[in-house]
Amino acid sequence: MGTDFRIRPLADRVVVKPVEREEKTKGGIYLPDTASKERPMEGTVLAVGEGRIDDNGKRIPMNVKAGDRVIFAKYSGTEFKIDDVEYLILSEKDILGIIQE
Amino acid sequence: MGTDFRIRPLADRVVVKPVEREEKTKGGIYLPDTASKERPMEGTVLAVGEGRIDDNGKRIPMNVKAGDRVIFAKYSGTEFKIDDVEYLILSEKDILGIIQE
Amino acid sequence: MGTDFRIRPLADRVVVKPVEREEKTKGGIYLPDTASKERPMEGTVLAVGEGRIDDNGKRIPMNVKAGDRVIFAKYSGTEFKIDDVEYLILSEKDILGIIQE
Amino acid sequence: MGTDFRIRPLADRVVVKPVEREEKTKGGIYLPDTASKERPMEGTVLAVGEGRIDDNGKRIPMNVKAGDRVIFAKYSGTEFKIDDVEYLILSEKDILGIIQE
Amino acid sequence: MGTDFRIRPLADRVVVKPVEREEKTKGGIYLPDTASKERPMEGTVLAVGEGRIDDNGKRIPMNVKAGDRVIFAKYSGTEFKIDDVEYLILSEKDILGIIQE
Amino acid sequence: MGTDFRIRPLADRVVVKPVEREEKTKGGIYLPDTASKERPMEGTVLAVGEGRIDDNGKRIPMNVKAGDRVIFAKYSGTEFKIDDVEYLILSEKDILGIIQE
Amino acid sequence: MGTDFRIRPLADRVVVKPVEREEKTKGGIYLPDTASKERPMEGTVLAVGEGRIDDNGKRIPMNVKAGDRVIFAKYSGTEFKIDDVEYLILSEKDILGIIQE
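Chains as they are written, first to last, in the numbering used here: chain A, 11 to 111; chain B, 11 to 111; chain C, 11 to 111; chain D, 11 to 111; chain E, 11 to 111; chain F, 11 to 111; chain G, 11 to 111.
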């Protein structure tokens, strides 16, 4: 899994392939649908941007890389499909953590 | 496709020619109309500004250039028409990623 | 067309004379009235301020000058009339781009 | 008209004496009461503050001085009366431009 | 009138004793109760804080001192009473100007 | 009264023990329940954080210390109880002033 | 209790295992359900991020570590479950204080 994904995200954006509900149950992580809380989702990072520019004009390196398994806030980002497969493009700050295998 | 487009965008703005729905289907990227998500759109960059000025008075270079095929958040930017062709002028931060051919 | 307009704008403000609807049609640029988008307007810059002061106390030079033909977001700025002619005073950041003749 | 007005404004504030409606008509500037736009007002600067302090602790000099004829956004500032005369105290950033005589 | 008031304000806060309506009339300043404007109030500064810390960790000196007669926006600050006398604690940025005697 | 309170606040937070209504009357400070104003409360500081980090990575020292008697905005902070005693944890910026004994 | 928790939080995020209501009563800390106040919760830190990057590109060290017992604002963060155990991932700035044993 490399950085040759068809969409190259800009700045601190990340393309993620969300995990199907079935896989999540197998992996042991369950994401409850609570009214008072934002429900996280699980996915795999396919491509990352070069990082955003800080107030001094320096690029901040990204903390995730292609191949990382991540959880992210459910309603963050923007969905799109290529050849009928769903993807999500979101900002790195919407990624909550990396799942360690 | 050069920078001689009739409108020269200011700061970090970008003029984009949105792709027709028919073209999108051929290209394999499909953008679902989901209630809970902002739907992205696809287009071609026609002209870019010189970049915005940061807090230290330095110009931040742009990450997209004329000719780039991009996806962007659907409701961002401002529409206009020249000779009956629709264009969009939007800020670079509303561009999610560059489509690699 | 010089900088001797009767009102001298402060900071990054710009005085613009909006273009009549008839002129716009002739120029080939048409600005649709779409519900989901902010409609831009076309006009001519009559006077510009000296630029706003950045966080380090330096003046940021303006990107437009008197005589420029510009497009700007429709509901930005403040209208006023001198001798029955309508003008608009708005911030440079509300100017989307310069029309190249 | 000097800086010996009874109220000395703080920071970037300015005391303005608004112009009566009759005077405005004579001066040729008419300020329409439009629903979609903020209506500006005309007035004379009576006293100015020393300027606000920027993020580096330096005072930013004021762009208007006592005696300037200015236009400003209608609903900005705070009204008060001395000896039955109405005045307005407002921030310099609410002043749109200086009227050149 | 010194800085030995019972409450020592923190940062850029100021303790003010509001002026009674009767005194105001005598002083010639009248503060109209207008719907479209925030009505200012008059008062005497009793104690001032040491000033707020700017983004570089430096303390910004205060522009008012104990004994100053000031006008301030009516609904700013927090009321309290000591021995049945009403006071107000407010931020210096809510003080519009100093009344020169 | 030391810093050995059971909860150690983070950053610029402060643990306060609110004063009972009876004590307040004795101390001569009365806090009216006015509709148009935020009502302050009185309390004793039990523990303070190390201070927040400013934009340059330096820690800003706290202005209050354990033992200080303070007034603070009524609806600020978060309540909790230990052994049936009520406490409040709030940010130092919600503390209006220190009561000098 | 180490940093080998299955989820590695990004930036200034922290994984917390909330304490059951029964445990809280035993510990002597009671968190009332007040309408006018945000109710805090108690929990144990399981994993912490590396800290967020400040405006100068420097990483700000975390103030909590794995094993710390903390209180935090009730509605902050995002819930998730692993093997039927509930966890919370939240930003360090939502942690109010550390409970000293």
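Keep in mind that a hint or two might mislead.
Stated by the list, open to error - Dumping the calculated DSS-like pairs for lysine-lysine here, alpha-carbon to alpha-carbon at most 30 Å:
id, chain 1, residue 1, chain 2, residue 2
1, F, 103, G, 75
2, G, 91, A, 91
3, E, 27, F, 103
4, A, 103, F, 103
5, B, 91, C, 75
6, C, 91, B, 68
7, F, 103, F, 27
8, D, 27, E, 84
9, A, 68, B, 91
10, D, 103, C, 68
11, A, 27, B, 84
12, D, 68, C, 91
13, B, 103, C, 103
14, D, 27, D, 91
15, B, 103, A, 84
Since the hints were derived computationally from the structure, they do not count as laboratory data.
Verification of the supplied hints:
A hinted pair counts as satisfied when its Cα atoms are at most 30 Å apart, and residue 103 of chain F with residue 75 of chain G qualifies at roughly 26 Å. Proximity of residue 91 of chain G to residue 91 of chain A is assessed by CA-CA distance (about 28 Å); at most 30 Å being required, the pair is judged to hold. Proposed proximity of residue 27 of chain E and residue 103 of chain F is supported: the alpha carbons are some 22 Å apart, at most 30 Å. Annotation: proposed proximity of residue 103 of chain A to residue 103 of chain F holds, straight-line Cα distance about 27 Å (limit 30 Å).
Distance check on the hinted pair: residue 91 of chain B and residue 75 of chain C sit about 24 Å apart at the alpha-carbon level, within 30 Å; holds. The hinted pair formed by residue 91 of chain C and residue 68 of chain B fails the criterion: a straight-line CA distance of about 37 Å is larger than 30 Å. About 17 Å separates the Cα atoms of residue 103 of chain F and residue 27 of chain F, which keeps this hinted pair within 30 Å; it holds. Annotation: proposed proximity of residue 27 of chain D to residue 84 of chain E holds, straight-line Cα distance about 21 Å (limit 30 Å).
This hinted pair does not check out: residue 68 of chain A and residue 91 of chain B have alpha carbons roughly 37 Å apart, beyond 30 Å. Taking the CA atoms of residue 103 of chain D and residue 68 of chain C, the gap is about 17 Å. The hint holds against a cut of 30 Å. Of the pairs offered as hints, the one joining residue 27 of chain A and residue 84 of chain B holds, with about 21 Å between alpha carbons and a cut-off of 30 Å not exceeded. Under the criterion of a C-alpha separation no larger than 30 Å, the hint pairing residue 68 of chain D with residue 91 of chain C is inconsistent with the structure, at around 38 Å.
At roughly 15 Å between alpha-carbon atoms, residue 103 of chain B and residue 103 of chain C fall within 30 Å of each other, so this suggested pair holds. Taking the CA atoms of residue 27 of chain D and residue 91 of chain D, the gap is near 10 Å; set against the 30 Å cutoff, the hint holds. For a cut-off of 30 Å, the pair hint linking residue 103 of chain B to residue 84 of chain A stands: about 22 Å separates their Cα positions.
Taken one by one, the earlier hints fail for this structure at numbers 6, 9 and 12, listed in ascending order.
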